[in-house]
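S.K.: Residue strings, one per chain:
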Amino acid sequence: MVREARELHRKGVIASMVSWRGPLLGLVLLLPVALLLSGCPKKPEVQTAAPAAVAPEPAEEVVVVVEEEVVIETEEGPVTIQDVFFDYDKSVIRPDAREALDEDLRVLNENSGLRVVIEGHCDERGTNEYNLALGERRAKAVRTYLMAGGVDSDRISTISYGEERPFCLGHGETAWQCNRRGHFVVVE
Amino acid sequence: MKALRRSFLVFLVLVGGLPPVSGWTQVDITVTRTVIQRIPVAVVGLAPFHLESGGADLAAQASSILMDDLEFSMIFEVLPPSFLPFEAREVQLGTEEEVLPPLNKLKVQAMVAAELTMRGNDLILEGRVYNVARGTFLGGKRYFGDVKALRTMVHRLADEVVLRLTGERGIAATRIAYASKTKRATELYLMDYDGRNSVLVTGNRSINLSPRFSPDGRLLAYTSYRDGNPDLYLLNLETGRRDKVSALPGLNISPAWSPDGRWLALSLSKDGGTNLYLMRRMGKGLRRLTNGIGISVSASFSANGRQIAFTSDRGGSPQIYVIDIEGTNLHRLSFKGGYNASPKWSPRGDKIAFISDRGGGGFQIYLMSPDGSGVQQMTTLGSNEDPAWSPDGRHLVFMSTRGGKKDIYLMHADGSGQRRLTRNGFINFAPDWSP
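Those sequence lines, one after another, are chains A and B.
Each residue of the first sequence is one higher than the one before, counting from 0 in numbering that gives the first Met the number 0.
Each residue of the second sequence is one higher than the one before, counting from 0 in numbering that gives the first Met the number 0.
Since the hints were derived computationally from the structure, they do not count as laboratory data.
It cannot be assumed that every hint is accurate.
To be verified - From chain B, some residues computed to sit far from chain A (all C-beta separations above 10 angstroms): (1) Q91; (2) A148; (3) G373; (4) L380.
Said to hold, decoys possible - Below, in silico cross-link-like pairs of lysine to aspartate or glutamate (EDC-like), each with a Cα-Cα straight-line distance of 16 angstroms or less: (5) B:K404 <-> A:E123; (6) B:K140 <-> B:D158; (7) B:K180 <-> A:E123; (8) B:K335 <-> B:D370; (9) B:K283 <-> B:D242; (10) B:K243 <-> B:D230.
We treat Cβ as the ideally placed atom computed from N, Cα and C, and that holds for glycine.
Taking the hints into account, I'd like the entire structure generated from these sequences.
M.R.: So this is what it looks like as structure tokens:
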């Protein structure tokens, strides 16, 4: 079974949360990703000495998600490879991640020309250096799972971004869970 | 009796009534400083000086920078000019010895007399240092430079004052490297220790992390994703030359210099797990220090270069461990709290700074003895990470979220004088202090 993913093709998602306790999908707005990625004037990479006002602590958490589904065109139509999520300071494949990876395995095994990079990501808690190593371990855990499922090792490479490239910008469990992930990038 | 009353007044002024110093914002003082240990110093001279083109009084700026530097040093207590029985800025070089007796009456121990003049396009800053009690001239220096170099000239003079009066190297002319994250990239910058004069040192629009100055201050080791993988680079700060010194598959991260500058400790993930290795500084002679599938990162050498403190999860959660550089005598230092990390051995070897979540609600910075005893909490506001020592061991630079986002802060090594350094609106972290 191949997952339908046309709707998710190149979509930007903004999830604006009234409270971090609320459901993630409660108030999801869909916008073209172009709207988010274009229109940013090129800023010179020079710091100004001018003091900036300290932003007050937001009363509510705002989670901004810029996300792009991986869509692969196959003879049977487009398919996606799903990301997998982890617990805090853990790299164990959870039951829900196992489900996602089993579908990913099917896609990879049915499309033997596909090569992927697995990016290991972490939430903002903990040190940057430790999180680089934790992200590495998460990416390798996903790779090991896929290899055990029959995918050739030379089709899967890994890289860790630690906490340096978060998917969700926010400071609560919603954003943290969103960022503790193994993210797939298709290279060919 | 009058003299006694007057020195009591001095004491009061020094303890409670220091005016806010320009350019600094006192954010938080957690420990009241002890005046007794500081040397009372007066700054005289620096009569108003303007460029021919007009503008601000550069001598007033110089005076303010000098007093900030001396006050921050933890070595001096600067007398507020308003308390002196004469007009401090009217004292001219050549006549400064006349004010030694009145300063001596106030129990001021040291005096700096300075003057700002111009020759051609160069500013000239001259400074003279006196032992007030003995009435002796200890030495002086003249600094020549462009108008833009005024701050640097004054910082150099402040370090000269420290050297003449204590024999120690000051830190006013040191710099701080840090990472600054924008929407598009994380770049490394250098700034003066007082937060001024930030300059970009990477600029490759990828992710750049973990800057670490070599002990001679000439090289900056750091990790960069410039070529896609987190590789280790050395930047020569004098020539601008960059060398990629470790680009093994996986992580090449968290560098640390040995005190003699000949070795770099780093963490590599090429063999499964993320382990500590030692290599010669240009990337040769790799030697593995830790084993296993766990994580070992954030190495820091002891002052004598014989041991390395680091963060590892080999016991199930991130904790601080120490290992000999031969790879022997591995032992755990931290036991309280679920997350202890980022150990930084002090330059004198007597303390290890680290972060811990033991208090709940984010991280705080702590100090402990190298045997793990005598833990002292240094921060309380916001979440605080990435401690790094000043080269004289009297101060710490760190990252704090207390202002609403990650910024670089300074404090004295007793926890006092906490102040914010970065105000650029970006996310600033991972500071390292130059020698």
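S.K.: Is the Cα-Cα distance between B:K180 and A:E123 16 angstroms or less?
M.R.: Between B:K180 and A:E123 the Cα gap is close to 13 angstroms, so the pair holds against 16 angstroms.
S.K.: Taken at face value, is the distance from the CA of B:D230 to the CA of B:K243 at most 16 angstroms?
M.R.: 7 angstroms, holds
S.K.: Check whether the Cα positions of B:K140 and B:D158 lie no farther apart than 16 angstroms.
M.R.: Holds. B:K140 to B:D158 sits at ~11 angstroms (cutoff 16 angstroms).
S.K.: Would you assess whether B:G373, listed as outside the interface, keeps its beta-carbon beyond 10 angstroms of every beta-carbon in chain A?
M.R.: 23 angstroms, holds
S.K.: Far enough from chain A: is every CB of that chain over 10 angstroms from the CB of B:Q91?
M.R.: 33 angstroms, holds
S.K.: B:K335 and B:D370 were given as a pair; does the straight-line alpha-carbon distance stay at or below 16 angstroms?
M.R.: The hint holds at about 14 angstroms.
S.K.: Verify the proposed pairing of B:K283 with B:D242, using a straight-line Cα cut of 16 angstroms.
M.R.: Judged against 16 angstroms, a Cα distance of about 13 angstroms means the pair holds.
S.K.: Taking C-beta pairs only, is B:L380 more than 10 angstroms away from all of chain A?
M.R.: Check passes; 13 angstroms lies beyond 10 angstroms.
S.K.: Quick check for students: does the CB of B:A148 sit more than 10 angstroms from each CB in chain A?
M.R.: Given a closest Cβ separation of 16 angstroms, the condition holds.
S.K.: Does B:K404 pair with A:E123 here, judged by a C-alpha cut-off of 16 angstroms?
M.R.: 12 angstroms, holds
No hint from the list above goes unmet by this structure.
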